[in-house]
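Asker: Given next are the chains, with one letter for each unit.
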Amino acid sequence: MRNRMLIYGAVAVALAVSPLFLNAYWTDVLNNIGLYAALGLSLNLIVGHAGLFNLGHAAFYAVGAYTAAILNTHFHIPILVLMPLCGLTAGLFALIVARPIIHLRGDYLCIVTIGVGEIVRIALINNVFGITGGANGIFGIARPNLFGWVVRKPHEFFYLIWGFVAVTAFFFHRLENSRFGRALNYLREDETAAEGSGIDTAHYKLMAFVLGAAWAGMVGNIYAAKMTIIAPESFSFWESVIMFTLIILGGSGSIPGVLLGAFLVVGLPEVFRGFTNARMMIFGAAMIAMMIFRTGGILPARPRRYTVPDRHLAEESA
Amino acid sequence: MEEFFQQLTNGLAVGGIYALIALGYTMVYGVLKLINFAHGDLFTIGSYLGLTLLTSLALTDRLGPAAGIAVLALMVMGLVALVGALLERMAYRPLRQSPRLSAVVSALGASIFFSNTVMLIYGARFQVYPQGILPKTAIELFGLYIPLVRVLILGSSVVMMVALYTFIQRTKIGTAIRAAAIDQDAARLMGIDVNRVILLVFLIGPALGGAAGLMVGLHYGQINFTMGWVYGLKAFTAAILGGIGNIPGAMVGGLLLGVIEALGAAYLSVAWKDAIAFGVLIFILIVRPTGLLGERVAEKV
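Chains as they are written, first to last, in this note's numbering: chain A, 1 to 318; chain B, 1001 to 1301.
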């Protein structure tokens, strides 16, 4: 336990000082990794904890990003102020979409979420309601302004993004041990048994889905702020695949695993940019090899043990 | 009214292609309970192999259009079947006992691997099939001009589908496939070599998908390394529409989806064409998850 905390602490410190030694390009790579780490953590609640296959997570990310972009460019509301609203719209959209489909079995749910993701992308391309800007997207989103500090350079965004990742990791870590988190884990392990012990499975599944989607909406806000321009192709099916893959490769249900997964899935292709064309081919082959040789991911979730305090045992025997 | 029938014939031709691809999905899902995400890319491979063989061997010049295309189709189907068998052996067989999620990721990995391999070999640009291989004649029927290509596509798809259905229903091997789809362990106890059945499924499905890829190349002329994804997704929708794991269902679903899409594009909006297909998918899963021809089965606990 001590050793592990030491390692995590060392990694966190190394990460925090890394922009001092990196150029703008590599800092930006780290920023992208941070965005995917936050997305991965939000999807991890749905896939890793509730056991729901969601391959359309990019749709909720898109709803958040577009909410931020539209309100910022039309009403000039500071972008980071819109954060809760982005979460709310993405969550609300997830609630409407997921309500009728949440009961579907694993693979079916997977394919429906792909369908939802594609419909959202097509809607964005077709300039739905005349506000999404069609295939060109929305540009001219204002730089984020934190109490007079205008975030502009990759080095500045680094602290904004990774600060948000830290908050995200903390939030989902606390959630894991809560009543809600434990209920989700029972649900994933054995739905029938969970139902039998009085857990309202449909409700918990839906809540996990909505909460994960809402969080992705907030990441969408940060993405819009970072890019200052957003377009439908940034929210394609492959974005969802990247989020899904990094969870499974890193270790589904495990927060350190998801963070490591983000580094591997988003970072490694950058490192191997020299092999430009072959890298995605190698990436695909690596995904297969990984599943064969290490099914649980690189840092799998450790089963949590609950021990009964001695006091209770004493009471029982008495 | 005339436009309606024109769209109908177009829809049926595209539907025939969807149905051929859907058969591969439905057979794999029936036996392995796995969505083979790489199946759409096998379709792409078929399309590209068809182009290479067509231009390098000049079959249609030597044998004439009809025989040339037939020989070409057999070659493409054989080669894509081999790729399919290799896929099963490398990416899916080692994961037979693993959790569902791992197999899904492996399938996605295989899809990325295949599409990027195609891109690496042929480049990212659209490739063009040589024109004028199939005669541009049209048949006149009740005042409608139906291009011969559409008739050929629909006709050959239907012939292949009927042949497959007869094979599954009437032969001993077909019975073995059906048995393995119902219960693999029981099938094994009856002396069926389940591994060979699965291998066979991964030979037949990709062969049909490869044939569909060749048809798209001949019909539309333009192919791209990413096209397998959209066709694959639509074909999977078709398989669900008809009832997954059900072979006649895949045929009906494919043709129906092709028609719905063509009519939707004509009367609603071309831009929303793809969204219509996915809308159908979501609607059918909410209303009748077992599909049109699927039977309602009690969930095992």
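It should be emphasised that the hints constitute simulated quantities derived from the structure, not laboratory data. All values derive from a computational prediction rather than experimental measurement. Please note that the accuracy of each hint is not assured.
As the list claims (entries may be wrong) - DEER-style ranges, computed between Cβ atoms:
#1 His74(A) with Thr1052(B): 43 to 53 Å
#2 Tyr25(A) with Tyr1220(B): 36 to 46 Å
#3 Phe180(A) with Thr1052(B): 30 to 40 Å
#4 Gly1191(B) with Val167(A): 38 to 48 Å
#5 Gly163(A) with Phe1126(B): 38 to 48 Å
#6 Arg1125(B) with Asn136(A): 14 to 24 Å
#7 Thr1052(B) with Val167(A): 29 to 39 Å
Cβ atoms here follow ideal geometry from the backbone N, Cα and C, with glycine treated the same way.
Asker: Each hint should be assessed against the structure and marked as holding or not.
Answerer: Hints, one by one, checked against the model:
| no. | hint | verdict |
| --- | --- | --- |
| 1 | His74(A) with Thr1052(B): 43 to 53 Å | 52 Å, holds |
| 2 | Tyr25(A) with Tyr1220(B): 36 to 46 Å | 41 Å, holds |
| 3 | Phe180(A) with Thr1052(B): 30 to 40 Å | 55 Å, violated |
| 4 | Gly1191(B) with Val167(A): 38 to 48 Å | 60 Å, violated |
| 5 | Gly163(A) with Phe1126(B): 38 to 48 Å | 44 Å, holds |
| 6 | Arg1125(B) with Asn136(A): 14 to 24 Å | 23 Å, holds |
| 7 | Thr1052(B) with Val167(A): 29 to 39 Å | 53 Å, violated |
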